[in-house]
Each structure stands twice: as C-alpha cells, then as structure tokens.
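Enquirer: This is what each chain is made of:
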Amino acid sequence: AQSVTQPDIHITVSEGASLELRCNYSYGATPYLFWYVQSPGQGLQLLLKYFSGDTLVQGIKGFEAEFKRSQSSFNLRKPSVHWSDAAEYFCAVGPDMEYGNKLVFGAGTILRVKS
Amino acid sequence: KAGVTQTPRYLIKTRGQQVTLSCSPISGHRSVSWYQQTPGQGLQFLFEYFSETQRNKGNFPGRFSGRQFSNSRSEMNVSTLELGDSALYLCASSLLRGSGELFFGEGSRLTVL
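Order-wise, the sequence lines are chains A and B.
All residue numbers for the first sequence refer to the numbering used here, where the first residue is 1 and numbers rise by one.
All residue numbers for the second sequence refer to the numbering used here, where the first residue is 1 and numbers rise by one.
Here chain A stands alone, though its shape is the one from the complex (with noise of 0.2 Å):
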C-alpha cells in the first residue's frame, strides 16, 4: 500500500533562510508525488508534481523538489524564505491510474517563519 511520511511536525525557519522539508514515501512502482500547501483556513495549492523525468522539478513561488528513487525521497527546497511562506505543507503519492485522483498524503509538516 502506498504511504508517505513527512518526519518533521513542526519547522521554523528564520526570514530569508533556506528550507528543506522532508518527505519519504513507499509505493511499489513509479510513484507520482506531489507537494501542495496550505495556508490557515484555506484549501490546498499543488506546488509542484513529480511524473518521470528530470528528478530536480521546479514549481511555483520559487519551490523546488528532488525525487531520489534510491531513498524513497522527495523532499521540498526553498533558498530564501519569505513570512509569506509559513503554512502548512503536504507531500502526496499517486495516484495509480487505477485509482484516478485518489492521492495519499503525509501528515504534513507546518512551516514558521520568524523574523
């Protein structure tokens, strides 16, 4: 069964830090991952997805993520923190054409920006 763990609760990050939030998954084949944010009292935005390809994607408000098949990685990078970012964020997994949109998230890790 696939499933995705994000190891961190809870990061703070100063203003104009890097970040890396961590996420592993587990799924037998070629997984499909994604990374998608949420802020307080909203619904969730996908940031950026993973399909096959190049594993260095690139995604919106300056996010990027590596897939590293070897360990089961697909964590999320940012080089400059802005305030704007603290939220919390989602790591995903699927979906298999089988189950159509049906994705399985991680816990998900929340983001603290201090200044």
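If you are wondering where the hints come from, they were derived from the structure by calculation, not from laboratory data.
Here are some, though not all, of the chain B residues that point toward chain A, as calculated from beta-carbon distances under 10 Å: (1) V32; (2) L96; (3) S99.
By construction, the Cβ of each residue, glycine as well, lies at the ideal position given by its N, Cα and C atoms.
Since the structure of chain A is provided, determine the placement of chain B on it from the hints.
Expert: Relative to chain A, chain B alone:
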C-alpha cells in the same frame, strides 16, 4: 476563471442528524474528489466522481455517500452523524482522471455536537 466553490463553509449539527455538502468544480473539470481532514487522521480520501459515476471510494462507512450531477457539480452526504465526523471536508476538481493535479476548494467545516 472561478475556483472550486464549496457550500456551506461552516455548519453545526447534532449527533444523529444528516448533512449535505455541495461542491461546484472549476468549469470544464469533470473529476471531483472529496477528502476529509482532521487533526488526528490528516487528509483522507473519501471518494471520486467522474462523469456522474463514483470511480473510487475510500475506507469510510456507508453513512458517507455522494453523487455528481450532469454539470459536474457534486454533493456528499453524511447520515447519522457521529462526533468523530467533525472535520474539514475538502472538495477538489481536476481536468483529468489520474493526473493528481487537484484544485481544492476552501472546504466545509462541520462540527458535530
């Protein structure tokens, strides 16, 4: 282009009642998925509809049901509400099945007393 619209945004019900939540997807999107978000269980898939047919269902009891109309709008219903059904219910639409590129609404916050 309007985003995904969910109504109502907030509602309070008592145990044993039933509730219906509505979702209007982005124009042209035919896939509508529903997720339940709680502090304890996180984001869990409820079901997905495409072309008025339920395509997938998550591991939820039969009290949770849904449907999709010909204009792709979707509703979900929870009958015989329990305290544990208190959650944020998120609807997401997608242009294609199997793309994983979901556009989420802001959710319907259900509180069961």
